Amino acid sequence: MALSTIFSALDLRDGFYQILMRESDIPLTAVSTPSGMLWEWLVMPQGLKNAPATFNRCVTHLLRSVRDFAPSDFDDVFIHSRAVDGKSEVEMHKEHLRRLFALMRKHKLYANLKKKGQSDQ
Numbered sequence: 000m001a002l003s004t005i006f007s008a009l010d011l012r013d014g015f016y017q018i019l020m021r022e023s024d025i026p027l028t029a030v031s032t033p034s035g036m037l038w039e040w041l042v043m044p045q046g047l048k049n050a051p052a053t054f055n056r057c058v059t060h061l062l063r064s065v066r067d068f069a070p071s072d073f074d075d076v077f078i079h080s081r082a083v084d085g086k087s088e089v090e091m092h093k094e095h096l097r098r099l100f101a102l103m104r105k106h107k108l109y110a111n112l113k114k115k116g117q118s119d120q
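In numbering that gives the first Met the number 0, the protein residues as written are 0 to 120.
There's no promise every hint is true.
[To be verified] Here are the computed distance ranges between Cβ atoms for each label pair:
(1) Ala52 with Arg97: 27 to 33 Å
(2) Arg97 with Phe73: 21 to 27 Å
(3) Asp72 with Ala29: 31 to 37 Å
(4) Lys93 with Arg21: 33 to 39 Å
(5) Pro70 with Lys105: 17 to 23 Å
(6) Ile25 with Asp84: 45 to 51 Å
(7) Met36 with Lys105: 31 to 37 Å
(8) Glu22 with Val89: 42 to 48 Å
(9) Gly35 with Val89: 26 to 32 Å
(10) Lys48 with Phe100: 30 to 36 Å
(11) Gly35 with Phe6: 15 to 21 Å
(12) Pro51 with Asp84: 35 to 41 Å
[What the hints assert, rightly or not] When the alpha-carbon atoms are kept at most 20 Å apart in a straight line, the in silico SDA-like pairs for lysine to any residue are as follows:
(13) Lys105 with Phe77
(14) Lys93 with Ile78
(15) Lys93 with Arg66
(16) Lys107 with Lys48
(17) Lys48 with Thr59
(18) Lys93 with Ser7
None of these hints come from the bench; they were simulated from the model. Note that this is a predicted model, so its numbers are computed, not measured. By construction, the Cβ of each residue, glycine as well, lies at the ideal position given by its N, Cα and C atoms.
The whole structure should be built from the sequences, with the hints applied where relevant.
As structure tokens, this is what we get:
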């Protein structure tokens, strides 16, 4: 990362809600609502003690093939590039982004369109 000249950052959208519950565990998540309906979680709910660690482990595992240029930290992915093998840093960065986006698409991980901390203006 020290020799990189171009950087991008992605924020994964709705962190925990991107982790699907195991089919056999869905009935174990049922809660009764005041109206008498049953609610079952299809995705990992927030508030579970190990939810952050589970989410981080899942993202790290799914993105392990690109960790050389796109390390992740919980719901943030940082992409860094430099000129290599006659390719400019811009060409390399585009290639890195394409590889990362293809991997995210394959594993159904979604990023926020707005940059973290960006105002609504």
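Q. Does the structure break any of the earlier hints, and which numbers would those be?
A. 9, 11 and 16
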